[in-house]
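J.: Protein chains in written order, with our numbering: chain A, 1 to 493; chain B, 494 to 715.
Everything labelled a hint here was simulated from the structure, so no lab data went into it. Virtual Cβ for every residue (Gly too), placed ideally from N, Cα, C. Hints may contain errors.
As the list claims (entries may be wrong) - Have a look at the derived ranges for each label pair, beta carbon to beta carbon:
1) B:576 <-> A:70: 58 to 64 Å
2) A:64 <-> B:576: 23 to 29 Å
3) B:656 <-> A:208: 23 to 29 Å
4) A:3 <-> B:596: 43 to 49 Å
5) A:20 <-> B:516: 53 to 59 Å
6) B:556 <-> A:30: 44 to 50 Å
7) A:3 <-> B:673: 25 to 31 Å
8) B:641 <-> A:21: 36 to 42 Å
9) A:60 <-> B:595: 22 to 28 Å
10) A:78 <-> B:634: 47 to 53 Å
11) B:688 <-> A:155: 49 to 55 Å
12) A:78 <-> B:531: 18 to 24 Å
13) A:78 <-> B:516: 20 to 26 Å
What the hints assert, rightly or not - A few chain B residues that face chain A, going by a derived Cβ cut-off under 8 Å, partial list only:
14) 514
15) 515
16) 517
17) 525
18) 545
19) 546
20) 625
21) 632
22) 681
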Amino acid sequence: MNTHPDHEDILASLDADGDAATRAHVEGCAECSTVADRLRAGRGLIDLARAHEPTLDWSRMEARLEAEAEKVAAEIRAGAVRPPSRLRSAVAAGVMVSMAAAAVLYVGRGRRAPRAPARGRSGQHPRSGADPGASRAARVEARVLLAAGGATVSTADSSTARLSAVSTLVEGVTLAAGDHGRAVVSLRPGWSLDVRPGATANLRRLREDETVVALSGGEARVEPASSVGEDPGVRVRSGRWTVHRPARPVRDEVSTLRVVVLMSRATFEAEGAEPMHVTGPVIFDLPATGAPRAVQGGGQRPRGHRLSALNALGDLAVLPPVSLNATVSFTDGGARALAALEAVQVMGPTTIQAREGGRLSRLEIGTGRVLRWTPVGATVAAAAPRPRVTAPTPAAPDPVQTEEEQRLRAWTGSAVRRIATCFTRCRETSRCPDASGFIRARGEPQPRARDRGRDGPYLRQRSRVRRGSGPVDPATGRERGPHGPHPHPLAQR
Amino acid sequence: MLSSAAAAAPGLYVSRDDDAVPEYVLRAQRGDARAFQDLFRNHRRDVTRLCARLLGPRADLEDVVQEVFLQVYRSLPSFRAEARFTTWLHRVSVNVTLMHLRAARSRPKLGHELTHEPPAPEDDSPQHNAARNERLRALYKILDTLAEKKRTVFILHDLEGVPAAQISKMVEAPVLTVRTRLFYARKEVYAAMAADPTLASVARDALGSDDSAPAAVAHEEG
Numbered sequence: 001m002n003t004h005p006d007h008e009d010i011l012a013s014l015d016a017d018g019d020a021a022t023r024a025h026v027e028g029c030a031e032c033s034t035v036a037d038r039l040r041a042g043r044g045l046i047d048l049a050r051a052h053e054p055t056l057d058w059s060r061m062e063a064r065l066e067a068e069a070e071k072v073a074a075e076i077r078a079g080a081v082r083p084p085s086r087l088r089s090a091v092a093a094g095v096m097v098s099m100a101a102a103a104v105l106y107v108g109r110g111r112r113a114p115r116a117p118a119r120g121r122s123g124q125h126p127r128s129g130a131d132p133g134a135s136r137a138a139r140v141e142a143r144v145l146l147a148a149g150g151a152t153v154s155t156a157d158s159s160t161a162r163l164s165a166v167s168t169l170v171e172g173v174t175l176a177a178g179d180h181g182r183a184v185v186s187l188r189p190g191w192s193l194d195v196r197p198g199a200t201a202n203l204r205r206l207r208e209d210e211t212v213v214a215l216s217g218g219e220a221r222v223e224p225a226s227s228v229g230e231d232p233g234v235r236v237r238s239g240r241w242t243v244h245r246p247a248r249p250v251r252d253e254v255s256t257l258r259v260v261v262l263m264s265r266a267t268f269e270a271e272g273a274e275p276m277h278v279t280g281p282v283i284f285d286l287p288a289t290g291a292p293r294a295v296q297g298g299g300q301r302p303r304g305h306r307l308s309a310l311n312a313l314g315d316l317a318v319l320p321p322v323s324l325n326a327t328v329s330f331t332d333g334g335a336r337a338l339a340a341l342e343a344v345q346v347m348g349p350t351t352i353q354a355r356e357g358g359r360l361s362r363l364e365i366g367t368g369r370v371l372r373w374t375p376v377g378a379t380v381a382a383a384a385p386r387p388r389v390t391a392p393t394p395a396a397p398d399p400v401q402t403e404e405e406q407r408l409r410a411w412t413g414s415a416v417r418r419i420a421t422c423f424t425r426c427r428e429t430s431r432c433p434d435a436s437g438f439i440r441a442r443g444e445p446q447p448r449a450r451d452r453g454r455d456g457p458y459l460r461q462r463s464r465v466r467r468g469s470g471p472v473d474p475a476t477g478r479e480r481g482p483h484g485p486h487p488h489p490l491a492q493r
Numbered sequence: 494m495l496s497s498a499a500a501a502a503p504g505l506y507v508s509r510d511d512d513a514v515p516e517y518v519l520r521a522q523r524g525d526a527r528a529f530q531d532l533f534r535n536h537r538r539d540v541t542r543l544c545a546r547l548l549g550p551r552a553d554l555e556d557v558v559q560e561v562f563l564q565v566y567r568s569l570p571s572f573r574a575e576a577r578f579t580t581w582l583h584r585v586s587v588n589v590t591l592m593h594l595r596a597a598r599s600r601p602k603l604g605h606e607l608t609h610e611p612p613a614p615e616d617d618s619p620q621h622n623a624a625r626n627e628r629l630r631a632l633y634k635i636l637d638t639l640a641e642k643k644r645t646v647f648i649l650h651d652l653e654g655v656p657a658a659q660i661s662k663m664v665e666a667p668v669l670t671v672r673t674r675l676f677y678a679r680k681e682v683y684a685a686m687a688a689d690p691t692l693a694s695v696a697r698d699a700l701g702s703d704d705s706a707p708a709a710v711a712h713e714e715g
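Okay, chain A solo, but in the shape it has when bound:
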């Protein structure tokens, strides 16, 4: 049996007021004496570290920071960045409380006694814990919207296959995203399930009148999660997770704003994977409030922000620093394109600014998670007359720009022009079924969801633009845009 005192007792015995019995043991025991010597030395090193006062060349650093401070101060004075007001804090708190209440109500509904029977069904509405075989409603199939990074699907007979756009997702299958993968499926029109990296989700019931998803690890998200409509159908059995390892529902990411950055070429480096080169648009999330998720300064004057990204292939990766002058376009995250959009710029990690007819507007997330444009600052000098939509104002050419850079810049400007045109001309019935150009959703178009989640823009089939501003096609009775149908902008490349 081990009779030696533990390390804390030995360390305490070294002090003048330490325990005498322990001290006597340490002095008489060779093993404890050695340990005491080492602990004493370790404590001495900690004391040394504590007393150590590092110094730096302050003047050099101050000079470096001075320019940045001046820039930030100028942005604040110009109104591009505003200090938070009490009112805005109160409104934000109110929104949070409302959302929390909605979430509680939603969970409560899922656990309550059965509601009124659904139309077309006989008998009792199944509860969360009801016998899976009780419902006689017809089975439905889920559709794959996105499969990336080695996501797999397992059937009830334990056969596992790589998830793809043609995978058959019937009741009972299990989706596993894998360590670096991700799977997004449409459970039924208007409802999507996003299985995050490391998560496993079982589609326990896929019926016309009920859908049950069980998460057995990691994080997943069902959207719209907080909006319970007339026929919610989808039930997330939050109280009945089968947890094989620490799991939790993904947190509500209402503060993210998804935008598309048109970059000429980007290299993504994900941990444990080979670098991937992507040419063309890149999607990334901007947090609407607070600090960006990750910021890596590139040298002394970081020119961009490193943010988590979902690239064109649907893989999670780390976005390299994005220039603050990068042009962006929106995947219709609820914010309608401005009527006379002239330029859109990422002004900072949380600020997207647009110019419209000589007026500056900033994109904000308002009450109800509705994106809105808010005029900011003073009116800028009116731009020269332009067509309804034009390309962003090109930045002054860099004197040391290479020929290739100039060519890429020209291509980017051209793509922005085409996409901007699409956003204002297209209608839901136009020929731009996938204006974002990234995810091709199959099947029927999903209905408008009042509650747009972070992936909402991707999971809809068509770009959503304003109605009522273009001529009507006499053949179809549908609006066809002021300039008639046109091909998808990216197809013109």
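Given the coordinates of chain A, assemble chain B onto it according to the supplied hints.
T.: Chain B alone, transformed into the frame defined by chain A:
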């Protein structure tokens, strides 16, 4: 014990009792460039010390401190005064430093890493500096065996002297969690120290060139 010693050690974290936001912070939030300079000058020592203790003897201390202040400048408009400014500042410092450490871990290491060699005081000898850095390296070799969360709490509490309640705000964890992490961190640190045969010799070797060696080490020699 270490915690009690930390509270009395000089140059440690000083908790400011006033909840009022410093006037230069308010001015900086209104876009006063001069106020940013005041902010830097008033807090650079605290931030540098905190970053240095989290980083250990590394060559990139200056980069990290600079990045902290860049981040502070950029995020200052979002500071809502819901916590003391120093708490917010230290939280930003901890986050930036940890991100830097994570990024450094994921980068391939080519050759030996440089260590931070701070400008030596005029009355300090090169031997003294070298010995001190050698001993700091020995300590951080032990601390680096801890998981990141435990390491952070241990350094903030036992080296920096930050109270557990403040740490909980910095790392955004309950106080009880902070105390639990601290408990296990100390346990692991003591175990690593007790099992390290080179520890006593490192302290002993460096002692000869360091007149200001801590009393505990001097006692060992005596």
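J.: Now tell me if each hint is right for this structure.
T.: Okay, the hints, checked on the actual structure:
| no. | hint | in the structure |
| --- | --- | --- |
| 1 | B:576 <-> A:70: 58 to 64 Å | violated, 27 Å |
| 2 | A:64 <-> B:576: 23 to 29 Å | holds, 28 Å |
| 3 | B:656 <-> A:208: 23 to 29 Å | violated, 58 Å |
| 4 | A:3 <-> B:596: 43 to 49 Å | holds, 47 Å |
| 5 | A:20 <-> B:516: 53 to 59 Å | holds, 55 Å |
| 6 | B:556 <-> A:30: 44 to 50 Å | holds, 47 Å |
| 7 | A:3 <-> B:673: 25 to 31 Å | holds, 28 Å |
| 8 | B:641 <-> A:21: 36 to 42 Å | holds, 38 Å |
| 9 | A:60 <-> B:595: 22 to 28 Å | holds, 27 Å |
| 10 | A:78 <-> B:634: 47 to 53 Å | holds, 49 Å |
| 11 | B:688 <-> A:155: 49 to 55 Å | holds, 51 Å |
| 12 | A:78 <-> B:531: 18 to 24 Å | holds, 22 Å |
| 13 | A:78 <-> B:516: 20 to 26 Å | holds, 23 Å |
| 14 | 514 | violated, 11 Å |
| 15 | 515 | violated, 14 Å |
| 16 | 517 | violated, 12 Å |
| 17 | 525 | holds, 6 Å |
| 18 | 545 | holds, 4 Å |
| 19 | 546 | holds, 7 Å |
| 20 | 625 | holds, 7 Å |
| 21 | 632 | holds, 4 Å |
| 22 | 681 | violated, 10 Å |
Hint compliance for this structure: hints 1, 3, 14, 15, 16 and 22 are broken, all remaining hints hold.
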